[in-house]
Amino acid sequence: MTDNTDLTVNIAGIKMQNPVMVASGTFGFGNEYKNFYDINKLGALVTKGLTLMPKAGNPPPRIHETPAGVLNSVGLENPGVEQFIAKEWPCLSKLKIPVIANISGDTVEDYYKIAKQLSTLENLAALEVNISCPNVEKGGLAFGQEPESASEVIKAVREATRLPIIAKLSPNVSHIQKIAEAVVSAGADAISLINTLLGMAIDIHSMGPVFCRKFAGLSGPAVKPVALRMVWEVYEAVSVPIIGMGGITTWQDAVEFILAGATAVAVGTANFVNPIAPIEIIEGLKTYLYLKETNLHDLIGAAH
Amino acid sequence: MSTPAALFANITQNTQIAPDIYLMEIEAEIAEAAQPGQFLHIRCSDTFAPLLRRPISISDADKKTGKVEIIYRVIGQGTHLLCQKRPGDRLDIIGPLGRGFPMPEEGKTSIIIGGGIGVAPLLYLAKQIAKDHKNGHLPLTFLGFATKQEAFGIDFLSSLGIKATICTDDGTLGYKGFPTTLFKEHLNQYQDKSNLIIYACGPKPLLSSIKDIAAGEHITAYLSLEERMACGVGACLGCSVKSSQAGYKKVCKDGPVFEAGEIELE
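So the protein lines, in turn, are chains A and B. So the first sequence is numbered by our numbering: it starts at 1 and just counts up by one. So the second sequence is numbered by our numbering: it starts at 1001 and just counts up by one.
Please keep in mind that the hints were generated in silico from the structure rather than gathered at the bench. We put the beta carbon where it would ideally sit given N, CA and C, even for glycine. Be careful, since some hints might not be right.
As the list claims (entries may be wrong) - Calculated pairs, BS3-like style, for lysine-lysine (alpha carbon to alpha carbon, straight line, at most 25 Å):
(1) Lys55/A x Lys1249/B
(2) Lys34/A x Lys286/A
(3) Lys87/A x Lys1242/B
(4) Lys1204/B x Lys214/A
Claimed, not checked - Computed footprint of chain B on chain A, listed as stretches where at least three residues anywhere in the stretch have a Cβ under 8 Å from a Cβ of chain B:
(5) 22-30
(6) 33-43
(7) 72-83
(8) 269-283
Here chain B stands alone, though its shape is the one from the complex:
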């Protein structure tokens, strides 16, 4: 795992890409170390309002250009302040943090399933898998959004040669329904499922559904979780998720990506 740093990064871009969804690009030396599935812990305010940092997953990183991207949804006070920042402003970050997605082993078929803002970390993952072409396959990608307007990342995936299967809750783009339903149907075409590896990020019901399918079909699945965090580095034990063994795991340090069997999602 890479060593996290606390630093100020220069913001080079912060644009709205969908209603309430923004893409921010920063220049930071951590671009080199950032792995898909890891996150940045961002201080959105110089004051105590809000006090805590906000964990935001990395949606792309480029070693050559030294740029890191995040895609975030404006939900509360922190992200509202974040979306008001302009190119040239400094961003107070700690990162890259957490345990990211492990890359698929040679010969595996990767399946990516994402919902809503959970699609963000999967974009970087898809890029890394696509680049790492020794596996022979581009990742099969199923993405779900509430509605057409809220969809993002599709062009990014196209540029990698990945044709994602899209669905929306209201049917305004792609299929009407959930990505998990489409994925389930897709699964039927495999005689041997042992070669598959699943990567998922999205709302709890999506993750629970993937966890159940993976357990039933004996497929390895990696889930990226979201939880309120304080420290982000494993010191405060605030962001706990029930372990399938005993006790709790820390989302910030043991995750945010977990093997589906490691954790319990209630």
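With the rest of the complex left out, here is chain A:
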């Protein structure tokens, strides 16, 4: 009976069969999780972050476990946009679900160029513009911390593409609403948040930072309350759809984010713990809506 439940959502023209996506950097280019379930059951897939040129990423260690969380310092390791188009896209483009490319740049011009290049791909559903990566030297987080620079990046991407633009925001800011307003006026069609929280760990034996870059990005259940609060704030500030993420592990977490104002949610770190988490969340959502005798659209932001 719950199979008839309507879970479809439309985010700035991206038509999804359900609101459960997988977060960038936790799902590679989709190949790794095909062994565990049919990934065509997802709402959408967001690729590993892409840059104009290939990026080797940061030296190990890149991972450090924390209470109910993980610090990572991967550093946007990726094959670069050209290799992505040649090697990964042929397989990704055959999926039946929307595929969203996550992009990063060292400069505003980088974002423009990569957006332009990806816009040539038929079937690509959208661009998620990462202005919030804490693990790289240049660009990344720096763009997302001020309304002016955030706006500049989104404007450049807007010029380069007609694809829907999702601006991925950082939680490492004082006034998330100002950043959200800035990216929307610059042309963003949707907002995704949060990227990882800036954190660190110290090795008490070597008496130095665990990570070469000292600071790293915290994700996992530990960050969920922060993410939820920020989705709530952004929902009150802008009218574009929000994709909520940050520590979502169960369907109950997903429902909280939707009640806070998210139209869709993304599962990140939970993929590492429970590879079928996204599927369990989709099923749980259906049952919840059925038992509550409500529909997804009435749920969005209902807690306000």
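Following the hints, put chain B in place on chain A, whose structure we already have.
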């Protein structure tokens, strides 16, 4: 490479075999697919403490009985929870994962070198090489442990007809010293070393030493690496090791077994 599965396996045994070292046996259909050098990614807790799975190498697998064994050292929160599990409990696993040891080609002489808990995956490898008797030789095996009490796997190897050369850091069992020293001495007896193939797993200094010897003597060597992992399947890019070409390789997917020349060990 075999296709990994995510499943719950029934625990049939979980016994301490040395101080802080346990042998766990599970029933899982993956016994059929599991290759020496591959690992299981195990969720040790139902809660978020700890959050991540723990990669543990497979120390034996039997297609006929459908049993898979792991040997692990209790180090932190995850392995501490693991050692408290009892026969009849369910174990949340993903596996078999990773690229294992390639079997020696016909006519090669296999040499196995292991240290400490790194001996675990080598036991399954030794068994497969011994079973695969067309090579004519049982693997020559050098194992090192901190002390006599911590030694394990020796009886298992004996049952296969393999008489391992044992050494301990404190000399309480076998020779006093490192397995790499004994191996180096042993190497002198070969005029032609091109026929040898080395398999090693253990602490970083052991692996570095084997890598250097293999490079110097032009011997093919396969090293099994250990690294902190998140996903275990190649998606998160967390468990990187420096490639000898450019960039990094993923220990979980490109390894954990690497040809020594593929990677840099600092």
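Hints versus structure:
Of the supplied pair hints, the one linking Lys55/A and Lys1249/B holds, its CA atoms being roughly 13 Å apart against a limit of 25 Å. Of the supplied pair hints, the one linking Lys34/A and Lys286/A holds, its CA atoms being roughly 23 Å apart against a limit of 25 Å. Distance restraint check for Lys87/A and Lys1242/B: the Cα-Cα separation of roughly 22 Å lies within the 25 Å cut-off, and the hinted pair is therefore satisfied. Pair hint Lys1204/B plus Lys214/A holds up; C-alpha atoms about 24 Å apart against a cutoff of 25 Å.
Only residues whose beta carbon comes within less than 8 Å of a beta carbon in chain B count, and the segment 22-30 of chain A has 4; three or more means the coverage holds. Counting residues of the segment 33-43 of chain A whose CB lies closer than 8 Å to any CB of chain B gives 3, which reaches the minimum of 3, so the coverage claim holds. Under a criterion of three residues with beta carbons nearer than 8 Å to beta carbons of chain B, the stated coverage of the segment 72-83 of chain A is upheld, 3 such residues being counted. Requiring three or more residues with a Cβ within less than 8 Å of a Cβ of chain B, the coverage given for the segment 269-283 of chain A holds, as 7 such residues are present.
Checked against the numbered hints above, the structure breaks none of them.
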